[in-house]
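> Below are the chains, spelled out letter by letter.
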Amino acid sequence: MKLLSHSWTLAACVGALAWTGPLMAQQKQAIKAGTVITMTGEPIENGVILMDGTRITAVGKADEVEIPWDAEVTEAPNMVAMPGFVEAHSTDGTDRTNETIDVAPFFDVQDSINPVDFFFENCLRYGVTTVNIQQGNNTVVAAMGAVVKPFGHTVDLQMVYPQSGIKMSISPKSGKSRATQAATLRQAFHDLRAHLEELVEEKKVGNDRARREALAQGRDYEGEDAKGRAMTGKGWIVEGLETVPRVEIDEKMAPLLKVVEGKMRVFMYCGSPAEVHTAIEIAKENGFLETMTFVLGSGCHKAADAIAAAKVPVILSSNLVHIETDPLTEEETRTFEAQVFQDKGVTFALTSNNSGLESLWYQAALAVGQGLSREDALAAVTTVPAQLLGLSDRVGALKPGADANVVLYDGDPLSMRSQVQHVFIDGQQVYDRANDPRLKHLLEGEQPKGTQADPDGAREESAEDEGSEDEDESKKDD
Amino acid sequence: MFLLALTVAASLAGAPPQETNAPTVVLRADHVHTGTGAVHSPGMVKVRAGRIVDVGASLNTDGASVLELKGHLSAGMVALGDQTLLGEQGVDTTRFVLGEAETRLGFDPRQPAMQRLAQEGVTTVVLTPPSHSLVAGRGLIAKTGTGRVLANGQAMHVAFDAEMFVDRADPMEGQDFGGGFFFFFGPNGAVNPNGYKSSYSGAAEVLEENVQDPNSPVSKIAGGEVTAWLRSSDRAESARAIAFAKRHKVQGTLEAGPRIGDLAAEVKASGLGVALTMFRETDPHFATQSALALTRAGVPYGFCLSAKEQPVASLRMAAALCRRAGLTADQSWRALTSGAAQAVGLEKQVGALRQGLDADLVLWDGQPGELTSRVLQVWVDGQKVSAR
Amino acid sequence: MTRTHTFAFALALSIGLATARPASAQEDQANNDGKVYASVLHTSAGETLKDVMVTFADGKITAIAPGSALPDGYAEGLVLTAGLIDLSARVTRSENAVEQTNEVESRLSVANSLDLFDRTWDRLARSGVTTVLATPPDRNVVGGLSAVLKTQGSKDMAQRQLNARNFLRGAMGDAPSSGNRPAWGSPNSIYNRRPTTRMGVEWEWRRAFFDAAAAPEYPELEFPGADVFRAVLAGNITLYVQAFTVIDIRTAVFLKEEMKREGFGDIQMWIDGGSEAWKDAQLLKRSNTGVVLSPFPSAGYSPERSFQAWRVAKDLDEMGIPFTLSAHGRTEPGRTLADQAGRAMRGGLSFEKALAAVTSAPAAVLGLEDRLGTVEVGKDADFVLWSGQPFELTSRIIGVWVDGRQVQ
Amino acid sequence: MRFLVKRSPFLLAVGLASSISTGWAQEANGSHDWEGSLVAAAPSETPFALQDGNEEEGKPKEANAQKDDSKDDSKDDDEKKSKAKKKDKDKDEEKPEPLSLAAPQGPVLYLKGERVIVRPGKEIENGQVIVRDGRIMAVGTDLEAPEGARVLEGAVICAGFMDSFSTLGLDRASLTTSGSEPSARTVDALDFFGPDHDRQNALKAGVLVAESHIAMNADFGGTGVLLRTGWAHDPEKRLLTDESAMWSRLERSGNVVTRVEEVDSLISKLESGGDYLKSWRTYETKLAEWEKEIAELEEELEKDFKKAKKDREKDIEKAKEKGKEHKEKRHKEPKPPRKPRFDPDKEILGRVIEGKMPLVVVATRAAVLRNLLEATKPFPSLRLVIAGGDQALHVAPELAARKIPVMVWPSEPLSSSSVPSDTRGSLELAGDLARAGIPVVIGSGFSGSSAALPLYASLAVGYGLPEEHALAAITTRPAAAFGMQNELGQVRRGRRAELLILDGDPLAVGTQVQFAISGGEVVLEPQK
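Sequence lines, in order, name chains A, B, C and D.
For the first sequence, the tail end lands on 478 under my numbering, and the numbers increase by one without skipping.
For the second sequence, the tail end lands on 388 under my numbering, and the numbers increase by one without skipping.
For the third sequence, the tail end lands on 408 under my numbering, and the numbers increase by one without skipping.
For the fourth sequence, the tail end lands on 528 under my numbering, and the numbers increase by one without skipping.
In case anyone wonders, no lab produced these hints; they're calculated from the structure.
Just so we're clear, the structure is a prediction, and the values are computed from it rather than from any experiment.
Don't be surprised by glycine CBs; every beta carbon is placed ideally from N, CA and C.
Worth double-checking, as some hints may not be accurate.
Listed next, with one range per pair, are the computed distances between beta-carbon atoms [to be verified]:
{"no.": "1", "chain 1": "A", "residue 1": "ARG96", "chain 2": "C", "residue 2": "GLU376", "range": "31 to 37 Å"}
{"no.": "2", "chain 1": "A", "residue 1": "ASP343", "chain 2": "D", "residue 2": "GLU125", "range": "50 to 56 Å"}
{"no.": "3", "chain 1": "A", "residue 1": "PRO245", "chain 2": "D", "residue 2": "SER253", "range": "48 to 54 Å"}
{"no.": "4", "chain 1": "D", "residue 1": "PRO235", "chain 2": "A", "residue 2": "ASP343", "range": "19 to 25 Å"}
{"no.": "5", "chain 1": "D", "residue 1": "SER272", "chain 2": "A", "residue 2": "GLU201", "range": "47 to 53 Å"}
{"no.": "6", "chain 1": "A", "residue 1": "VAL73", "chain 2": "C", "residue 2": "ILE247", "range": "35 to 41 Å"}
{"no.": "7", "chain 1": "B", "residue 1": "LYS246", "chain 2": "C", "residue 2": "THR55", "range": "35 to 41 Å"}
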């Protein structure tokens, strides 16, 4: 049996290769929709989206775009087409959100993403087509994150942009206070610098000793040529790093070196406004201010000036309206944080991470409700997160050359009464609400194929009594 | 231990000792703060038989011994609603309504804490019975130095705050009935023979019954025959207490929390005095604002003794903080003396240096309202009780 | 155990800062008349008017002039609806708001336990809720009588309370027995009461009704509060029972039908909670029992919680069972009463039905349909002004008026 | 985030003990109720000098800090409250200097006051003060207002009050954590974004400078900060120093044995810090020697390289003839010294034991204090400050001799539960300590509020602390305790401009702050 399966897979691969040629060619598609929201300009009434393989080739008015004869056309006259939502920062989709050790930049989230996690199924249901998976906030320096598609049986099939950035936190992890957290974070960079200086020193001392030995022995000394690369970066530089081959650097610290050299994005969680100024100071000292993005807790709008001055983009907390009661006068002040950041010219993205309140469409709609314009609200869940992740040319908008990620709604995407009907990722339809097995089972009671019925009917656990009122999921501490 | 069962040899004489040909003494000091607005520098106070006969810049002193004093002379301070002085009195949980109980019978006026209060300048203290019940009986007013208990100072203590809801309703705690446990079932299965209530509405119902029942001692507070001490902590409880007082024309004092200022108008309309449980939390903002509001509304108020170790220092600090929040010097001094006396209906007996009042005098080495001043000598009912 | 007066005076004090004194309890009556303009008015009485100017005086609506021009200073696209009504607001219900010394307490009302100074009233008003039914917390089998009041107004309960229909509050299931302890063990607490099981709770109900009904003939069965039970049997007081799971709902309906069978009387009953009402809707239909739906669970990560649970309103509507929505007093964004109506619409309920479920339907249940629930001349001037289509996430509440006075 | 104390009811006490009656009884019968009291009872007979603590050897500050060598031990004849003029030995160096010609960065202020309290015990009638570039330029009685200066007038001009133990700007977690390390810095934990009432009230009450530090219950809680309450929202201007002191808490555990070990571990950690710095210094010297030696060796090798080359070629030839492999000559040279591993905790503790930063030890019991004083004797450079000190009178002579300030705060001692009630300090503690010649500092304390600091000082006067000592306890003494005596606490030329203009005596209850000047600018003025 084992031999058979071996040969079987071998044949399949060969066959697939043979087939890809025409298959790829044959995969031209066109979607005709009542309205097309391109995110690159005004929405187009009855527009067409042309797709070839995994890329969008053309977007325009039905009469202006000529559909090739061999393109498979999807007619959706009374639907709204828009680019898939982009989740700027999510800690779901992995088995555990944080390591126990404080500084662990050498870990990689790819090793813990679970492709069949329920989170990905729910992403499709709400039209999210690109997710930046990072570790949680309960850390000092966490693992390297990755941008993935919520579809695919293996992690590498899902992969869009591996090692997309390192998650750090300036807010105290459990057991630490603000002072000890800041001290540990500074210490991590201090250890890196000490390690590099030690390597360069050893190399230098070694070379000098060899040169003197040659003198003593009467040999001509031909020094080794430098096998490493000189260190670049805006924070601090260790001179002479070119003498040290990069492979000799402790791989536990190598990712941090990329951060200091500005080659690795940093997602810095900051839970309270007081910590913003410490985070900016550490980022400036260690040269990653330009590549840092703040992941903010609620209330950080108070430090918006410092954030604007440092020109750091932010990912807002899913709790859009910050509510604070003055303990003295018991006055309640409500602040819609996105507006504060917009007025101060700070680039901001919305996220639904652990919000428990539906998904990105819900956040965008709530933002419009609080006074943001529709364009800015939609941008904050499509083009802006794409820009933060450095994927502006691939996702977040319907434009020629971008990935063919398209979502079809049966009405205005921000209305309570419209649902996602179809989702295309890389030109392939990955979700169709009409035959969503889970919804069919729940709403029509239809038993999915190959499963037996729950003996006493789908007993829900949602019966709450006054005691165990369904607490808002955002209390889930991650 | 039953409160009632205690017998105490308290000197129960109501009025101060009335000798017929008592000596007259004239105290002359650099400054005499009458507490009614006038300050005589220098000033004299003529005292006979424990009472103030006359106050003025200069009085004829023939036939009286003159006492030269260096410093500032003022009336003794009046402290309200103290629980610390009742020592280890057990809280009586025998019944939800204890109309007949009298704190007077269980109180030792000679205890050291009373002497300490006198030495610090507090000459009159108003005690309320500690209680976990709706009505805890009659409180008492006593002079700290001499330990004299005033006859007319026994207000009926009625609770409107959550202190009265106690989980243990059964007096038989720890008493064995022989042969293991058995218990009485209340009317419908609850073990609560003493009629304890667990809700504001339940307590309100029992209070109404008692006030309307002529042979319950509580009914005497209706119409003001007996003064009342209504204990409340938050504004909702204070509002209910004020409504009750208006409904039954009750006279007396409302013990209120720091937010009472929001109800200053209602308190003024009800005619009740206020005992501010001043600074429970570390932030006095509400308490000082309430003091300002009560002063503006013309409601007489005083402060409650609260800190166990430093009661008088906390009293003077409360007045100082109200002064910093905006009260004038004599407004804050009035809250320590005549205002507090008026709040418990004793304005004709203590709280100022005026003709006819008790001779409670304190000699300070500086302005009485200043925290930097120290108490040098104290007289209560005309007798010198301590000197530095 | 001396209760030392432990309110230690905290010398560690900060000097009071002189802020403005909060408004005095007597709101001045002068400014509760004025007018409101809206592009669209949903009257909840079946009409939708365009470009409307509503004028009101002394807290009552005096005129509704459709078709009036947009006065300057007013914004385009505003929508006006009647003030929202929450029948299960669960506001300021501290431990001491229900008499727990006996298991069946029907005489006392929650009115004298409510704290009208609590900030929750202002937050509720700002979230669009203008009238609430306040009930005692569910610590007893029968908690007592309820109180109907507006979310703004005088701080004196006597003036604040509306004389609406009376409700006797009770609970099915294990909620009331959760605090109890068996009578043996330490017999020193009012919590040594029965029942400690669901059956015990049901027995208390049945015993109370049977004793009350039989007391005229057998005087020894009379107990304090029996007259309230008789008024419930006679239908003058509505029985308002908390029941979430389908088992509790069935128990409540069986109790009602048993009383009818015994000839004691036809109880008017409403269920508070009813999140599993859809599982046995026939029973409710048959017994003509209404449901005040508890807040819909947040979507979270399992569709069971959202898609299915949010459909309950549509299902009950299709089966013709009277229902209203409630938010259990929550006022954070995404959890207010308006948001519950939005979730009902996402579950399939039409906008008109959703609006009725939070305005005219609860007004009828309270017996105040002559004063509340719709925007009509003569009614109370309770409105909510929206920046766009109500209950949508993309619009928010701009103004709320209670008795003609705008809420700050 | 404002820290609202809801724990057990907070008792008023300037280290208040139930033995308040001692103040009274003690007077009458002369016996102090401390066991075997060391202090003569009647305060009025014991003359004591108002020492200004370790005035002289202050921390070296920037250039124009004038070396203040005048020791102003004015005798204070202490019959209560009399303001008799004191004989003032120090020279009157208030001659106005010519103003520097450079244009001023900040505003120039000209303050006029009927009374200018230069420092507790020394006043000028109808004086003027000129403030420029954040410093006091001149103090005198006949100064002209510089052109363009803003004129501010009031009854009393005095130095801003300083709270030596406040909790301003720190959240609860930072305050109560016991898991801190010496290298943790309070400046990272400051948060003034939450509700700000405490700080605003403190500013209105005249408290311009406050010391805050984290980790109350840790053995070493990290370095505290001295911050300006008037500039809390400006990250640079709010910090006077981010290394005010290292705080350490003793009596962390209940039982006696561990309490002794606590002192030993404190000292051993400090010593290891000192050794660490020494090891770095020896490393640097050894490295310099090694480099010199290597340089000489290299020079020599350079010199006879040609010779060595020839010899080598010969050897290779010889080896080839013998058919053996040529073996290179062994080259030996001295090894470079080993660099010690960087340890931030030891580094900071080393600086503490070398006196760069004061060490504030929170301790109350006599036994622990005695043990601590004994253990710190061999380290003269250590600048020790005692905080709490409820039983400090038992070791009063040594504290006075070593001029160790004792910080008293009006709250029950930190570990109220484990301290037997009779030892709790009483309102008289401040007075008794001052009479014993110990510099007294008053702080608002763990559960205190900075805004009431001046009232605590007044109350301390009401219970026996002479008025000048009380004013010193909230101005000059805390400045000296944190090594800022040449910077803060007095109205003298060269000092930082942290000044108040009051409408009455600083310790009077009714006094309000008219203007507050911090960092050379007006931070508080009456609303128009």
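> Within 47 to 53 Å: is that where the Cβ-Cβ distance between D/SER272 and A/GLU201 falls?
For D/SER272 and A/GLU201 the Cβ distance comes to about 26 Å; the hint is violated.
> Should the hint that A/VAL73 and C/ILE247 are 35 to 41 Å apart at their CB atoms be regarded as holding?
At roughly 53 Å between Cβ atoms, C/ILE247 and A/VAL73 fall outside 35 to 41 Å, so the hint is violated.
> Is 31 to 37 Å respected by the C-beta to C-beta distance linking A/ARG96 and C/GLU376?
violated, 59 Å
> Please test the hint of 19 to 25 Å on the beta carbon pair from D/PRO235 and A/ASP343.
holds, 22 Å
> Okay, A/PRO245 versus D/SER253 on CB: inside 48 to 54 Å?
holds, 53 Å
> Is 35 to 41 Å a correct range for the gap between the Cβ atoms of B/LYS246 and C/THR55?
Roughly 37 Å apart at Cβ, these two residues keep to the hinted range, so it holds.
> Measuring from beta carbon to beta carbon, are A/ASP343 and D/GLU125 in 50 to 56 Å?
Given range 50 to 56 Å: holds, Cβ gap about 54 Å.
Violated hints, listed in ascending order, are 1, 5 and 6; each of the other numbered hints is respected by the structure.
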